[in-house]
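2 protein chains.
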Amino acid sequence: MAYDNYSNDQNGLETRETGDMISSRKVEGTAVYGSDSEKLGSIESFMVNKLSGQVEYAVLQFGGLFGIGSEYYPVPWNHLRYSPEHGGYIVNLDRKVLEAAPRYDEADEPQFDRTYGREIDDYYGTYPTV
Amino acid sequence: MAYDNYSNDQNGLETRETGDMISSRKVEGTAVYGSDSEKLGSIESFMVNKLSGQVEYAVLQFGGLFGIGSEYYPVPWNHLRYSPEHGGYIVNLDRKVLEAAPRYDEADEPQFDRTYGREIDDYYGTYPTV
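Chain order of the listed sequences is A and B.
Under the working numbering, the first sequence has 46 at position 46, and the numbering climbs by one with no breaks.
Just so we're on the same page, the working numbering is the position in the second sequence counted from 1, plus 1000.
No wet-lab data here; the hints were simulated from the structure.
It is possible that some hints are incorrect.
Derived pair list, reagent style DSS-like, types lysine-lysine, alpha-carbon separation capped at 30 Å [what the hints assert, rightly or not]:
#: 1; chain 1: B; residue 1: Lys1026; chain 2: B; residue 2: Lys1039
#: 2; chain 1: A; residue 1: Lys96; chain 2: A; residue 2: Lys26
#: 3; chain 1: B; residue 1: Lys1050; chain 2: A; residue 2: Lys26
#: 4; chain 1: A; residue 1: Lys39; chain 2: B; residue 2: Lys1096
#: 5; chain 1: A; residue 1: Lys26; chain 2: A; residue 2: Lys39
#: 6; chain 1: A; residue 1: Lys50; chain 2: A; residue 2: Lys26
#: 7; chain 1: B; residue 1: Lys1039; chain 2: A; residue 2: Lys39
#: 8; chain 1: A; residue 1: Lys39; chain 2: A; residue 2: Lys96
#: 9; chain 1: B; residue 1: Lys1039; chain 2: A; residue 2: Lys50
#: 10; chain 1: A; residue 1: Lys96; chain 2: B; residue 2: Lys1039
#: 11; chain 1: A; residue 1: Lys39; chain 2: B; residue 2: Lys1026
#: 12; chain 1: B; residue 1: Lys1026; chain 2: A; residue 2: Lys26
#: 13; chain 1: B; residue 1: Lys1096; chain 2: B; residue 2: Lys1039
#: 14; chain 1: B; residue 1: Lys1096; chain 2: A; residue 2: Lys50
#: 15; chain 1: B; residue 1: Lys1096; chain 2: B; residue 2: Lys1026
#: 16; chain 1: B; residue 1: Lys1050; chain 2: B; residue 2: Lys1026
#: 17; chain 1: B; residue 1: Lys1096; chain 2: A; residue 2: Lys96
#: 18; chain 1: A; residue 1: Lys39; chain 2: B; residue 2: Lys1050
Which bits of chain A does chain B cover? Going by a derived footprint, with three or more residues having C-beta under 8 Å, they are [as the list claims (entries may be wrong)]:
#: 19; segment: 31 to 42
#: 20; segment: 49 to 56
#: 21; segment: 90 to 104
All C-beta atoms, glycine included, are put in the ideal place defined by N, C-alpha and C.
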């Protein structure tokens, strides 16, 4: 659950004092790196829980990396870690995991409800969190 | 603090089971209502903590309501409550409070850092939370 984020170091005191903010209007295009610091792709959007205001999934796009055009990969928020040094997010997942991950086509955006969320959670739930 | 949201009813079990999500690409234009259910304006953007993924401020615009053109009003997230019935957010603040609130002009967007956040928090901190 994304909610668990709130008790770990990533969101501790330091974060509150130094963390910067990003506008929902400027999310798109934020760089995404692998754990080897190599650029993997970018953020297409954040999926925000309307009630809690917590980003639950980051939708990633990998510009041609996997030979794929406009497919979007929703990844649970707790698999992303913001790196001020990189000015972007690090996704600490094996490429093979991402390659086989749930995705959708630009023209076929899913209804992003709990059922779809669970499908994503189930897939990534088997891999260790960053 | 927006973090406090996580222990109240608004984000309890019910939310997790029924809460839907909104894409950062579709945030703009979401309706904002007063406590009297009258439409006040709309969301211009969410300001998201890059590290925690928590929306800390919703930037509101009031289309001409106060006779003002393109001014943006950042409001702490905990003053907004999502209403599925309205399909939008309810801001339980007196209009006089909003009229005198910190704002910025479209052409003069501030550096949205901790200092600016504190300015907003200080203003709204004196008014009770929804």
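Hints, verified against the model:
1. B:Lys1026 / B:Lys1039: It holds: about 19 Å lies between the C-alpha atoms, which stays within 30 Å.
2. A:Lys96 / A:Lys26: At roughly 29 Å apart (the allowed maximum being 30 Å), A:Lys26 and A:Lys96 satisfy the hint.
3. B:Lys1050 / A:Lys26: holds (11 Å)
4. A:Lys39 / B:Lys1096: violated (48 Å)
5. A:Lys26 / A:Lys39: Holds, at about 19 Å.
6. A:Lys50 / A:Lys26: holds (19 Å)
7. B:Lys1039 / A:Lys39: violated (44 Å)
8. A:Lys39 / A:Lys96: Holds. A:Lys39 to A:Lys96 sits at ~15 Å (cutoff 30 Å).
9. B:Lys1039 / A:Lys50: With a Cα-Cα distance of about 18 Å, the restraint between B:Lys1039 and A:Lys50 holds, given a limit of 30 Å.
10. A:Lys96 / B:Lys1039: Distance of about 48 Å is beyond 30 Å: violated.
11. A:Lys39 / B:Lys1026: Distance of about 26 Å is within 30 Å: holds.
12. B:Lys1026 / A:Lys26: Cα-Cα ~12 Å, so holds.
13. B:Lys1096 / B:Lys1039: Measuring from Cα to Cα gives roughly 15 Å; hence the hint holds.
14. B:Lys1096 / A:Lys50: holds (26 Å)
15. B:Lys1096 / B:Lys1026: With Cα atoms ~29 Å apart, B:Lys1096 and B:Lys1026 stay inside 30 Å; holds.
16. B:Lys1050 / B:Lys1026: Between B:Lys1050 and B:Lys1026 the Cα gap is close to 19 Å, so the pair holds against 30 Å.
17. B:Lys1096 / A:Lys96: violated (55 Å)
18. A:Lys39 / B:Lys1050: Answer holds: A:Lys39 to B:Lys1050 is near 18 Å, not above 30 Å.
19. 31 to 42: Coverage by chain B is violated here, the residue count being 0 at a Cβ distance below 8 Å.
20. 49 to 56: Coverage by chain B holds for the segment 49 to 56 of chain A (8 residues, Cβ < 8 Å).
21. 90 to 104: violated (count 0)
This entry does not satisfy hints 4, 7, 10, 17, 19, 21, going by the numbered hints stated previously.
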